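Take the given structure of chain A and dock chain U to it, following the hints.
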Amino acid sequence: MNRKYLFWVKDNFFNTWYNTIITVFLCLFLSKTLRALSEWLFSSDWRVIPTNIKIILTGAYPPDQLWRIWLILYFAGLMAGLSFCLLKKGLKWTPLLLITAPSVIAGLISNSRASISLLILSIVQISGYCIGKRMRKKAVLVSVFSGWTIFIPLMYLLTSGFSGPDSILPLVKTNLWGGLLLSMIISITSIILSFITGLFLALGRRSKLPVIRYFSIAVIETVRGVPLITLLFLGYLILPLALPSSMTLGVLLRAMSGIILFHAAYMAENIRGGFQGLSKTQYEAAYAMNFSSFQSMVLIILPQVIKNIIPVLVNSFTGMVKDTSLISIIGLLDLVGISTAIAANPEFMKDSQQTLLFLSLIYFILCYSISRTSRKIEASMNYNNREI
Amino acid sequence: MDDNTIIKCTDMHKWFGDFHVLNGIDIEIKRGEVVVILGPSGSGKSTFIRTLNNLEEHQKGKLIINNIEMSHSIKNINAIKSEIGMVFQSFNLFPHYTVLQNITLAPIWVKKVSKKEAHDNAMELLRRVGIEDQADKYPGQLSGGQQQRVAIARSLAMKPEIMLFDEPTSALDPEMIKEVLDVMIELARSNMTLLVVTHEIGFAKAVADRIVFFDSGRIIEQGSPEDIFNNPKEERTKLFLSQILES
Numbered sequence: 000m001n002r003k004y005l006f007w008v009k010d011n012f013f014n015t016w017y018n019t020i021i022t023v024f025l026c027l028f029l030s031k032t033l034r035a036l037s038e039w040l041f042s043s044d045w046r047v048i049p050t051n052i053k054i055i056l057t058g059a060y061p062p063d064q065l066w067r068i069w070l071i072l073y074f075a076g077l078m079a080g081l082s083f084c085l086l087k088k089g090l091k092w093t094p095l096l097l098i099t100a101p102s103v104i105a106g107l108i109s110n111s112r113a114s115i116s117l118l119i120l121s122i123v124q125i126s127g128y129c130i131g132k133r134m135r136k137k138a139v140l141v142s143v144f145s146g147w148t149i150f151i152p153l154m155y156l157l158t159s160g161f162s163g164p165d166s167i168l169p170l171v172k173t174n175l176w177g178g179l180l181l182s183m184i185i186s187i188t189s190i191i192l193s194f195i196t197g198l199f200l201a202l203g204r205r206s207k208l209p210v211i212r213y214f215s216i217a218v219i220e221t222v223r224g225v226p227l228i229t230l231l232f233l234g235y236l237i238l239p240l241a242l243p244s245s246m247t248l249g250v251l252l253r254a255m256s257g258i259i260l261f262h263a264a265y266m267a268e269n270i271r272g273g274f275q276g277l278s279k280t281q282y283e284a285a286y287a288m289n290f291s292s293f294q295s296m297v298l299i300i301l302p303q304v305i306k307n308i309i310p311v312l313v314n315s316f317t318g319m320v321k322d323t324s325l326i327s328i329i330g331l332l333d334l335v336g337i338s339t340a341i342a343a344n345p346e347f348m349k350d351s352q353q354t355l356l357f358l359s360l361i362y363f364i365l366c367y368s369i370s371r372t373s374r375k376i377e378a379s380m381n382y383n384n385r386e387i
Numbered sequence: 000m001d002d003n004t005i006i007k008c009t010d011m012h013k014w015f016g017d018f019h020v021l022n023g024i025d026i027e028i029k030r031g032e033v034v035v036i037l038g039p040s041g042s043g044k045s046t047f048i049r050t051l052n053n054l055e056e057h058q059k060g061k062l063i064i065n066n067i068e069m070s071h072s073i074k075n076i077n078a079i080k081s082e083i084g085m086v087f088q089s090f091n092l093f094p095h096y097t098v099l100q101n102i103t104l105a106p107i108w109v110k111k112v113s114k115k116e117a118h119d120n121a122m123e124l125l126r127r128v129g130i131e132d133q134a135d136k137y138p139g140q141l142s143g144g145q146q147q148r149v150a151i152a153r154s155l156a157m158k159p160e161i162m163l164f165d166e167p168t169s170a171l172d173p174e175m176i177k178e179v180l181d182v183m184i185e186l187a188r189s190n191m192t193l194l195v196v197t198h199e200i201g202f203a204k205a206v207a208d209r210i211v212f213f214d215s216g217r218i219i220e221q222g223s224p225e226d227i228f229n230n231p232k233e234e235r236t237k238l239f240l241s242q243i244l245e246s
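For the record, the sequence lines run as chains A and U. Here numbering that gives the first Met the number 0 is used: position 385 in the first sequence is 384, and no number is missing along the way. Here numbering that gives the first Met the number 0 is used: position 64 in the second sequence is 63, and no number is missing along the way.
For reference, chain A alone in the conformation it holds in the complex:
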């Protein structure tokens, strides 16, 4: 057995004299760097993370109102559990990981209130899955669809609440939103809104009406020719000047409008690529069957186009999640903004690397789960080889 491994090492790492040299040098290099890295990892003071975890996750959001955020998470968890029922072949390891992760984290942290809430989150997801398994497939589909549709309004309603003397949900102004909460809100909103806007721009670009077509082309080309950061500043500084003085938009809304517009232009081009990739004969078949152009778009063309461009879309979505970090430049305290704020605190000034590493980890988990989930969705939608 041992000899087998030795042969494998010899065949793959030491098969020629130059491979031997490369192997030796790489080993030396890796051992040096890994050692330096692990020394840093174990010698540095990590208390900066647990001390600031509340503001990293939610910014200045009032602690006594945090149950509202948990409520949003529970709703999302329930919907996620239900959605997993729609995947072919039941639970695979990615959904399982998403379900078990909260309880694992709950076991790791000492804050008792947070661990209880995380455990509830796991339970909610599992029960969502169990309920979904008992429901008819069509009922699951309808509830998943309507659930995610009301998710964004619900998220905004619960996070911001409303003003009033005896309001059950006291108003929390957007300047108190921060950290992961703010990053997530901006990411989710801009993913969905830029997809919808991009879809309309792509359809507009294909329109037979010149006014609509040229308008769409103008928007797409102008926005694509401008860096995101200038759009952010434009939204921040010029939008208030362009709008009548009675209409004042919050900083958050102005920042988001820039992000949404920017990504909508790219999204529109992705979707247009999808339209061009679809065979002309599908349009002809739909036309010959006497579908109206709206029906043929919604029933026949779009489902195929969107399925074909899922990989491209996911690429843009992960890009969007990371691009939200730019809003820290106009003073919003998202994950990156918060980490700069923490680094500015004299107490933690020397610990900024730790915070940055932690942030990278959060972003990585977010983006990796998006890409894994999308691969699951893609596999579920593979109608050419259903058995595989």
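Mixed in with the good hints there might be a few duds.
Here are the computed lysine-lysine pairs in the DSS-like style, where the Cα-Cα straight-line distance is at most 30 Å [stated by the list, open to error]: (1) LYS110/U - LYS207/A; (2) LYS136/U - LYS132/A; (3) LYS158/U - LYS74/U.
Cβ-Cβ distance ranges computed for the label pairs, FRET-style [claimed, not checked]: (4) ASN381/A - ASN75/U: 39 to 47 Å; (5) LYS3/A - ASP132/U: 46 to 54 Å; (6) SER368/A - ASP132/U: 38 to 46 Å; (7) HIS19/U - LEU238/A: 54 to 62 Å; (8) LYS53/A - ASP135/U: 46 to 54 Å; (9) TRP39/A - ASP135/U: 54 to 62 Å; (10) ASP172/U - VAL210/A: 44 to 52 Å; (11) VAL103/A - ASP172/U: 53 to 61 Å.
Covered stretches of chain U (chain A as the covering partner; in silico rule of three or more C-beta atoms under 8 Å from a C-beta of chain A) [said to hold, decoys possible]: (12) 80-90; (13) 105-111.
Derived by calculation from the structure, the hints in this document are not laboratory data. Nothing here was measured: the structure is a model prediction, and the numbers come from that model. We treat Cβ as the ideally placed atom computed from N, Cα and C, and that holds for glycine.
Just chain U, lined up with the frame of chain A:
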């Protein structure tokens, strides 16, 4: 116009840029007639049947189908299209729907038929084309011959008066051609008006009421299968027939 005429086409022209695809087509087709269109590739035969359901627009001349003139009026076009079913060379099934959904989709959304009725009718049609056991599969899981039979059933589900076949067997492996032709022969004998562009001489001999020979955008010669196959008058027809009978 005779009551029995379903398609009447007078001096129809069409150009693709400089290319004169249809160069004055005059033809009258009766209800229930089975017309097979022959001709070399590029002769305009596919373009001709595609003008009948407005997949291509003719630029000059007059086209009257079922007493309605094909014009720019969307109402007219839709009225004509609802009487015409079309089967394509490459099947063109909707890959994201099951076989059954492919067939019920248009009746439900376009004709507003109830789901149950559409479903029952679809199963009936699948039985007719001999693949009711494949109803819940996706088109990608079927063989070419099966897909083409689904495509025929899908067109029939709209209860058209006229069926157009644009080289329905050209994309099929030889052993699958027969199963599709059998379905078409059954259709031809059921008194439906059929226009078939094909190179299947056997099919033409068996069921065609009339053979129409196209070349360079014109109808060169037409007549009963016996006339065309046994003593063609035009040199072009003779040459073409000798070429395809050889192969």
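Now for the hints, and whether the structure bears them out:
For the hint linking LYS110/U to LYS207/A, the alpha-carbon distance of about 26 Å falls within 30 Å, and the restraint holds. The suggested pairing of LYS136/U with LYS132/A holds, with an alpha-carbon distance near 23 Å, which does not exceed 30 Å. Taken as a hint, the LYS158/U and LYS74/U pair is honoured in the structure, with Cα atoms around 19 Å apart against an allowance of 30 Å. The supplied range of 39 to 47 Å is met by ASN381/A and ASN75/U, whose beta-carbon atoms lie about 42 Å from each other.
As the Cβ distance of LYS3/A to ASP132/U is approximately 50 Å, the hint placing it in 46 to 54 Å holds. The hinted range of 38 to 46 Å is satisfied by SER368/A and ASP132/U, whose Cβ atoms lie roughly 41 Å apart. Between HIS19/U and LEU238/A the C-beta distance comes to about 57 Å, which sits within the given range of 54 to 62 Å. Evaluation of the 46 to 54 Å hint for LYS53/A and ASP135/U yields a pass: the beta carbon distance comes to about 53 Å.
In this structure, TRP39/A and ASP135/U meet the distance hint of 54 to 62 Å, their C-beta atoms being roughly 59 Å apart. For ASP172/U paired with VAL210/A, a C-beta distance near 49 Å keeps the hint of 44 to 52 Å intact. Checked against the hint of 53 to 61 Å, the C-beta distance between VAL103/A and ASP172/U comes to roughly 55 Å, which is consistent with it. With 7 residues having a beta carbon nearer than 8 Å to a beta carbon of chain A, the region 80-90 of chain U meets the requirement of three or more and the stated coverage holds.
A count of 3 residues in the region 105-111 of chain U with a Cβ less than 8 Å from any Cβ of chain A is obtained; the coverage claim is therefore met, three being the minimum.
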